[in-house]
Each structure stands twice: as C-alpha cells, then as structure tokens.
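Q: Construct all of the structure, not just a fragment, from the sequences and the given hints.
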Amino acid sequence: MHQCLEIYDIRECICQHLAYTNSLDALTKLARTCSAFLDPALNALWHTIPSLEPLVRCLPDDAWAVRQSLWRNPVLTLNRQTTHQDWERCKFYAHRIRHYGAEDDDIITLDQMKGATQTDKTFYLAFKPPSDLDYDENHPTTAPNPSPLLSLPNLQSCRLIPHTHDPIPHYSPFLAPTLRSLDLRLPSPLWVGDTTIIGLLRSLPVACPLLQKLCLYGVKIGLVTFPGPCSGQGAHDEREVDELLVNALRGLRHLESIQCPYIWFPAEAVKHFARHMKLRSLSMKNTAENVIDVLKNDVQEGRRRDVYFEYLEDLGVDCSPRGGLLEVIELLGYVANAARLRVLEVARTGGIPTETEIRGFIQSLADLTVQTTTINGARVNSSLRSLQIHQGDETGFLTPDELPTPIPKYTTTLSTLSPLLDFINLAELSIMVETRFSLDDDDARQMARAWPKLKQLELGYCGGGWGREGKTFTLEGLRAFARYCPGLEELGVSVTITSSQLAPTIPDVERDVDLRRTGAVGGSSSRGDETGACCHKLRYLDLGDSVYFGEPERVAQCLLDIFPSLSRVYGPSMAMSPEWEKKWMRVSKLVHEMQALLEYSRTVVI
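Residue 0 is where the sequence shown starts when you use numbering that gives the first Met the number 0, and the numbers rise one by one after that.
Incorrect hints may have been included.
Keeping only pairs whose Cα atoms sit at most 16 Å apart, straight-line, the calculated EDC-like set for lysine to aspartate or glutamate is [unchecked claim]:
(1) Lys-277 - Asp-313
(2) Lys-582 - Glu-552
(3) Lys-212 - Asp-182
(4) Lys-120 - Glu-52
(5) Lys-454 - Glu-488
(6) Lys-212 - Glu-312
(7) Lys-295 - Glu-267
(8) Lys-470 - Asp-441
(9) Lys-582 - Glu-550
(10) Lys-212 - Asp-313
Hints in this document: simulated from the structure, not taken from any laboratory.
A: What follows is the structure in structure tokens.
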C-alpha cells in the first residue's frame with residue numbers, strides 16, 4: 000500500500016468522497032478487502048441512515064419478520080423478545096451513525112419513504128430504557144433491563160418523521176448527548192396529556208445538553224394551540240405542559256434555532272426567548288400581537304427595557320386579522336437586530352390582507368431596514384435574503400367578533416412592490432395572497448435587475464396570480480428574469496403568450512442534426528444563447544392561470560429556449576380551469592419529451 004494511504008485522514012477523505020458520489024459498491028468492497036479501510040469505509044457507509052430498517056436487518060433472522068398487509072405497505076416487526084446478544088451486531092454499526100433521517104426532502108421524498116419497508120413500534124419498545132415515563136411493565140417486550148438494548152451514542156442530527164405502522168412510543172434512542180439538531184414530526188392530533196411528549200420535554204435538557212437546533216412540527220395541533228380560559232383537568236394538563244416546556248427551554252442553554260410553527264408558547268417562554276437566549280432563528284404559532292403584549296407587560300412590571308432578540312436573523316411569525324401585517328412591523332421595533340434580518344416569514348391568518356395593509360407593510364419594512372451605505376450614499380438593504388407573506392385560513396379558531404370583514408379583490412402593481420427594489424441581496428420573494436398582480440415586461444426588467452441573486456419568485460396564490468384583468472408578463476418578461484437572474488430556480492407568475500411571440504418550431508430531425516453538429520449541452524438552443532436569456536437552473540415553472548395562443552409545441556420550445564433545464568410546467572388546478580389545466584399539461588408533456596430527445600442527442604454525440 001502506498002505510504003500516503005497509511006495516513007488515516009487521507010483514507011477517510013477517500014471514503015467520504017465515495018459516499019458523496021454515491022459509490023456505495025466501492026465502499027463495501029474497500030471495507031471487505033482492506034483492513035486499513037474498514038473503519039473509514041464503514042463510517043462513511045453508516046454516516047446517514049433514513050430509518051431503522053438497515054439496523055433491523057442486522058438482527059438474527061429469527062428475531063424479525065416482514066408482515067404483509069392487504070391494504071398497507073409491508074411492515075418490519077419483531078418475532079420474539081430480544082436480548083443484548085441479538086443487538087450486538089447493530090451496536091457495531093450504531094456508534095458510526097451521525098445523521099438519522101432524510102437530510103433533505105429532495106433526497107428522500109415522501110413517496111419514496113412510503114414505498115420503503117416500515118418498522119412498527121415493537122422495535123422501539125424493545126430497546127426502550129425502563130426509566131421512561133411511559134414504561135409499561137405489563138408489556139412483554141419492555142421487561143426491565145439494566146441498559147437500553149440499542150442507542151445511537153454519537154448521533155449529531157436527527158430528522159425523525161414517524162413512518163411507522165403505529166406512532167413512535169418514545170424517543171429515547173435518538174436523544175444522544177452529542178445531538179446538535181433535532182427535528183421531530185409530532186403525531187396529529189396531539190393531546191396535551193401525551194406521556195411520550197411529557198417524557199421528551201423532561202429528558203431533553205439532560206439527554207441533549209448541547210442541542211443547538213430544535214424543530215417540532217405537527218399537522219394541525221401543537222403542544223399548546225391557542226391561549227384562552229381553561230378549567231378542570233384540561234387546564235391542569237396545559238399548565239403542566241407549559242411549565243415543562245419552559246423548563247426544557249431554560250435547560251437548553253446552547254439553542255440557536257427554534258422552529259415550532261404549530262406551537263403556541265406561554266408568556267414565560269416568549270420572555271426567555273427575547274431576553275436570555277441567543278436565538279438566531281425563531282418560528283412559532285404566537286401572533287405578533289401576542290409577542291408584543293408579552294414584551295409590553297415585561298416593561299410594565301418594573302424591569303428596565305432589555306435588548307430583545309439581540310442576535311435574531313431568521314423570524315417566522317403569524318399576524319392576526321385584528322392588527323394585520325403592521326403587527327409584524329411593530330414587533331420588529333422590539334427586535335434589536337431588525338436591520339440585519341436575513342429571513343422574514345409572515346403568515347397572515349383569517350382572510351385576505353387589504354391593499355393598504357400590504358402597501359404599508361412593505362413600505363414600513365423598507366423604512367425600518369434600508370440603510371445608507373458609506374460607499375456611494377445609496378440607500379439599500381443588504382441583509383434580507385428571503386421575504387415570504389402567506390395568507391392562511393385560521394377563521395375556524397376565531398370568535399365572531401374577530402372574523403374579518405370580506406374585502407373586494409384588488410390589483411397589486413409595481414408601485415406597491417417598489418420599496419423592495421432596494422433589497423439588493425433578495426433571493427426569495429413569495430407573496431401568496433388572493434389578489435391580482437398587474438405587472439408587465441418593463442416591470443419584470445426592473446425587478447430582475449434589482450435582484451440579481453434571485454432564486455425564487457412567487458406572486459399570487461399558488462404561484463399563479465389571480466385574474467387576467469391587468470397586465471401580465473410575456474415571454475420577454477421571462478427572458479428578463481433568465482438574463483439578469485442566472486441563479487433562478489423557482490418561478491411562479493402569470494404570463495400571456497401570443498402567436499406573434501412564438502418562434503417557428505424546428506422539426507425533431509433537424510433539431511437532432513443541429514445538436515450533433517453544434518454539440519449543444521444543457522438543452523439550450525442557439526437562439527437562447529444569442530440573446531443571453533438562458534437560465535439553466537430553473538426546472539419548475541408555475542404559470543397558474545396564464546394563457547397562450549398558438550400551438551403548444553411552439554410554446555414548449557420557446558420555454559425551453561429560455562429555461563433549458565425546464566422539466567415541468569404547472570398551470571391552474573382543475574377547480575380553477577379544467578380547460579387550461581389540460582392545455583398546460585400538454586405543454587408540460589411536450590417539454591418532457593423534448594428534454595428526453597435532447598438527452599438522447601447528447602448521448603449520441605458523446
């Protein structure tokens with residue numbers, strides 16, 4: 000073996016590169032044929048696992064089985080009570096695991112996870128330590144053991160989506176002392192008295208003292224949903240959970256990120272966030288109005304005005320229909336780091352925001368955060384990367400007095416959005432509200448030139464805009480975004496494509512010959528390259544209620560000229576317009592077929 004390979008760090012880098020390039024066969028061969036590569040190869044192979052299935056399959060064959068079901072996917076289940084000896088092989092690999100669960104939704108999608116073999120709760124019960132609060136001494140697989148049968152002692156991040164046949168009965172195997180990031184998808188509906196959640200809150204500060212990022216998500220209900228008068232046992236349970244939640248947060252001294260968009264935190268927790276924690280990212284169910292009231296009461300209690308949210312860079316918050324979007328501006332007045340916010344996500348609950356509300360919010364946000372530069376005296380905001388305003392439907396939780404008054408739909412123009420043109424580093428802008436957007440190609444050029452780092456732009460509900468009464472982009476508007484925003488990945492706007500804008504279609508045979516001759520890559524046509532209006536990163540285009548006039552083949556070709564990597568085009572839903580849904584589905588199918596032809600042509604050229 001070469002002397003360089005005697006250095007462990009070099010062998011580790013080789014194995015990490017093989018894992019990064021998904022060369023798993025090479026890693027397994029290294030582990031089996033060279034003792035020097037055994038540990039680094041196994042560490043790379045087991046660095047990340049999406050579920051318990053790889054560990055389960057290391058058990059003796061008679062300990063587990065695949066239970067078939069007529070209506071559900073196959074499920075892995077235990078056949079018998081396990082012993083420490085049964086789990087020895089699993090422990091040999093378990094200490095190598097650093098990340099549990101899918102790191103990215105794009106890597107392991109929900110559909111893929113549904114197709115994988117699930118594990119049921121018998122495995123979690125088998126290696127549950129007897130000190131758990133929900134310990135059941137009558138369960139045959141939970142007989143007291145001196146130590147857990149399985150743990151992940153070196154786990155650094157855990158993204159736990161319960162793809163089990165039954166809800167996960169406890170989380171103790173994943174609460175390692177080395178854990179830095181914990182992302183849980185809680186079952187729904189979630190009852191306040193759930194012993195599993197109570198056990199988690201009680202053990203978290205001790206089990207994971209170095210935790211930096213905590214994400215708790217649910218489908219509908221959080222630990223504490225909305226404040227209000229309670230009585231009886233329900234009130235006692237909620238107060239108990241409130242106290243446990245506050246104590247858990249106080250014990251996690253290294254927390255920098257809290258993502259709990261479905262949890263309404265008690266007042267003491269909000270005060271702790273604002274005054275004592277060095278949070279850089281915060282998302283919660285509390286409305287901006289509620290947080291403001293908590294901070295005002297904190298001042299009125301005789302304390303001096305502390306610096307609130309001194310390190311905050313990423314804020315996600317709701318706003319009620321009572322105060323609207325301007326509640327968020329008032330809240331930002333309490334945030335010491337408001338001028339340096341990088342991400343701001345606002346969920347406007349209980350109806351459509353008014354035109355005055357949106358205009359006032361955008362202008363006030365610019366007034367609060369735009370600063371004069373020392374270089375050329377220009378007024379810009381160089382910090383904000385992402386701004387999202389989403390309209391949510393929470394009217395079911397509102398009292399009759401709080402229900403919003405219906406407002407007529409209105410048209411939003413560039414004059415409303417113009418203060419955002421000073422946000423020079425804006426990468427994501429999503430305004431998902433039920434209004435009409437009236438923007439033309441000149442507006443597109445202004446926006447594209449102002450936001451050269453733009454990656455995502457969505458204007459309108461579901462990315463499509465509402466109504467075609469006002470002005471819309473044309474193909475020239477799309478070319479402007481492609482020309483000035485080379486990093487654009489997602490685009491959701493309304494367009495109108497006329498026959499005069501469409502270039503003549505090139506017959507498939509001629510296009511194939513042309514690709515062979517020019518050796519084009521990435522699917523870009525010569526026409527797109529000549530104009531400089533090509534964006535190779537955009538793959539999904541949401542055109543909502545857009546319309547086109549002309550042959551769908553020519554529309555598909557023109558879109559590919561602008562976005563050579565385009566793979567899917569979305570139109571309106573069946574509920575909005577069955578006719579145009581079918582027409583845009585035709586364009587999307589043609590785009591896919593043209594991409595396949597281009598891929599074949601590149602293969603033949605190579």
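Q: Would the pair Lys-582 and Glu-552 pass a check requiring their Cα atoms to be no farther apart than 16 Å?
A: 11 Å, holds
Q: If you draw a straight line from the CA of Lys-212 to the CA of Asp-313, is it 16 Å or shorter?
A: The given pair, whose Cα atoms are some 13 Å apart, holds under the 16 Å limit.
Q: With the threshold set at 16 Å, check whether the alpha-carbon distance from Lys-212 to Asp-182 stays at or below it.
A: Distance ~8 Å between Lys-212 and Asp-182 Cα, so the pair holds.
Q: Keeping to a limit of 16 Å between CA atoms, is the pair of Lys-120 and Glu-52 held or broken?
A: 13 Å, holds
Q: Is Lys-470 within 16 Å of Asp-441, Cα to Cα?
A: Distance ~11 Å between Lys-470 and Asp-441 Cα, so the pair holds.
Q: Check the hint pairing Lys-277 with Asp-313 against an upper bound of 16 Å on the C-alpha distance.
A: 12 Å, holds
Q: For Lys-582 and Glu-550, compute the direct alpha-carbon distance and say whether it is at most 16 Å.
A: 10 Å, holds
Q: Would you mind confirming whether the straight-line C-alpha gap from Lys-295 to Glu-267 stays at or under 16 Å?
A: 13 Å, holds
Q: Under the criterion that the straight-line Cα-Cα distance not exceed 16 Å, is the pair Lys-212, Glu-312 satisfied?
A: OK: Lys-212 and Glu-312 at ~14 Å, within 16 Å.
Q: Measure nothing beyond the straight line between the CA atoms of Lys-454 and Glu-488; if it is 16 Å or shorter, mark the hint as holding.
A: The hint holds at about 5 Å.
The structure meets every hint from the earlier list without exception.
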